[in-house]
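Protein chains in written order, with this note's numbering: chain B, 1 to 293; chain S, 1001 to 1308.
The hints are simulated quantities; they were obtained by calculation from the structure and are not laboratory data.
Yeah, the Cβ is synthetic: ideal placement off N, Cα and C, and Gly gets one too.
It is possible that part of the hints are untrue.
Quick list of simulated restraints, FRET-style, between CB atoms [unchecked claim]:
{"no.": "1", "chain 1": "B", "residue 1": "Trp37", "chain 2": "S", "residue 2": "Gly1200", "range": "48 to 54 Å"}
{"no.": "2", "chain 1": "S", "residue 1": "Phe1059", "chain 2": "B", "residue 2": "Leu278", "range": "46 to 52 Å"}
{"no.": "3", "chain 1": "B", "residue 1": "Ile62", "chain 2": "S", "residue 2": "Asn1268", "range": "21 to 27 Å"}
{"no.": "4", "chain 1": "B", "residue 1": "Leu278", "chain 2": "S", "residue 2": "Val1220", "range": "44 to 50 Å"}
{"no.": "5", "chain 1": "B", "residue 1": "Val58", "chain 2": "S", "residue 2": "Met1208", "range": "56 to 62 Å"}
{"no.": "6", "chain 1": "B", "residue 1": "Gly181", "chain 2": "S", "residue 2": "Lys1117", "range": "41 to 47 Å"}
{"no.": "7", "chain 1": "B", "residue 1": "Gly181", "chain 2": "S", "residue 2": "Leu1056", "range": "53 to 59 Å"}
{"no.": "8", "chain 1": "S", "residue 1": "Met1208", "chain 2": "B", "residue 2": "Ile286", "range": "38 to 44 Å"}
{"no.": "9", "chain 1": "B", "residue 1": "Tyr136", "chain 2": "S", "residue 2": "Met1208", "range": "44 to 50 Å"}
{"no.": "10", "chain 1": "S", "residue 1": "Leu1069", "chain 2": "B", "residue 2": "Lys105", "range": "51 to 57 Å"}
Each chain, letter by letter, is given below.
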Amino acid sequence: MTPTAQSRKMQGSLAYNKLATAAFYGLGALVLLLIVWLLLTILGKGLPGLTLDFLTKVPEDIDPGGGIGPVLFNSFYILFLSLVVSIPIGVGAGIYMAEYAPENKLTEVLRICVESLSSVPSIVFGMLGLAIFAEYFQIGLTILGGAVSLAFLNLPMLARVTEEAVRAVPHDVKNASYALGMTRFQCIRTVVLPIALQGIITGICLVAGRAFGESAVILLTAGLSTSGEMWDFNLFAPGETLAVHLWYVQSEAIVEDAASIAQRSAAVLVVVVLLINLLFRIPLWINNRKLKR
Amino acid sequence: MPDKSGSLAKPADGRFGRYVRARFADRLFKYYFLFSILALCFVLGLVIFFIGKTALLTFAHISLADFFLSFDWTPENESFGAAGIIVNTLSLTALTLAMAVPVAVGMAVLIAEIAPKWLRNMMRPVLDLLVGIPSIVYGYLGLTVLIPVLRRMSGENLGDGLLAAALVLALMVLPTICRISDEAISMVPKKYREAAYALGSTRLQVTMRVVIPAAGRGIVAAVIMGMTRAIGETMAVVMVIGNTAQLATTLFTPASVLTSNIVMQISNVEFDTTWNYALHMMALLLLAISFLLILLIRYLGRKGSDQT
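Produce the entire structure from the sequences given, and follow the hints as far as they go.
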């Protein structure tokens, strides 16, 4: 190979390199623009028409001007109930996998179970809820059924985030606490959990955000209607949530202002999910910065 | 039990009671944590039992061949051929991945290899944002924004179909694939890169010939993870695919996939009908596919850790 040919090849490589770098940046810019445009579309269309009235009023079947009060309430109510059911078990399972599980075949099987459960499509959890609550217990489509089915969906994800957070706790602090004569549970309660708490709470926020926007499960287990009243805490009332309401308005509603209701509902949905994801982390974030100094 | 032994021990030594209590709590919570993980497995058992039990009733009424090989799904006439719907599911997933994977892996390379630190720290949370948006909102945007555009561009009357669904799904699985690939690429040891640079490679050459092959298993796992999400997604798909039980022969044929077909029909059927059993069979099929993909990811992960 002559020197000139070699340098030409090298120049080619360098040119390709520059071109590819530019292309990667271009791709990144496009995707970022797409995301920004997406958020602006949802929020820009929906937020301007948003009033307190809309957030608290009862939906109308025929006349325009209905609100989303009861469905928004149901969303939070079902989310709360599902977390009450799933957090103790999910976090407990995560702690078991991180702290207690011995290295053997049984643990391997348990791990496959958790992973399989987390891969189950949400619609299948909906069908399970339908089979258990509507068919087996014969209570129809209720808030209770929706909340428990949603809890099933949350479980594997909670277990995973807890396990990761607990595993990230340094061994030194655990060893130090054992050296003081603590039992395993004392060590978990007083040393491991306080350190892992930040990770666990972040994980819970992610799970809550996902559960808040979940629609397939709720559609099958809590139904397409509400009891028509605000602040109805009855567990056996039908429990349409905001996400399901968006689907209903978009596909079946006959009110004149359906399009506008859908726009505003979508905006509310996205804002609440973002708040759940971001807002709850701010105190932790501040705390973290304080600790670092 | 702990109170009794605690009070018994008190006269002799106050600390003995505390010790017993600590031991008791330790034992108690150990069983509680074990119970939690078993409860999780129990839920998995419930899923398989309830879906499987009903699903298998299908074949008391129609033959296996009728379900898996017939393309005719008209439940009103008692014909439950799911082949068309199954094929649609597979082609929708393939189309989604064909669009999402190049972009997602490209983004992962940009984030992990090329971008400066500030850009990296900005892009990761922005991608997480995309994961947080509810699927119903993606479906809603697809229906109100994407479909009118597709209608104008293609000249079709409807615009619903595989292409619209695949575009929506591609956007949804993009962050999943990107973040896991990003992790896999970041895990490639620094010495590999340094060795390649020392031989005079450009960054493109290092990325293409060293980093991506070394992160290959992780990237494949990321793609499979995206696949499970795409196959199981329901509400976003149901809003844009057209919901007609037929084989999608063009990109704009209104069609339906396993998930969308289930969610549109299950609320309207009686429990003790072949129709309902067949819908459960479809759910069982979804479950089987997801489990298979998860086992595949585990297998890839194990092989990867054996090698290093």
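Going through the earlier hints one by one, which of them does the structure break, listed in rising order? Violated: hints 1, 4, 9, 10.
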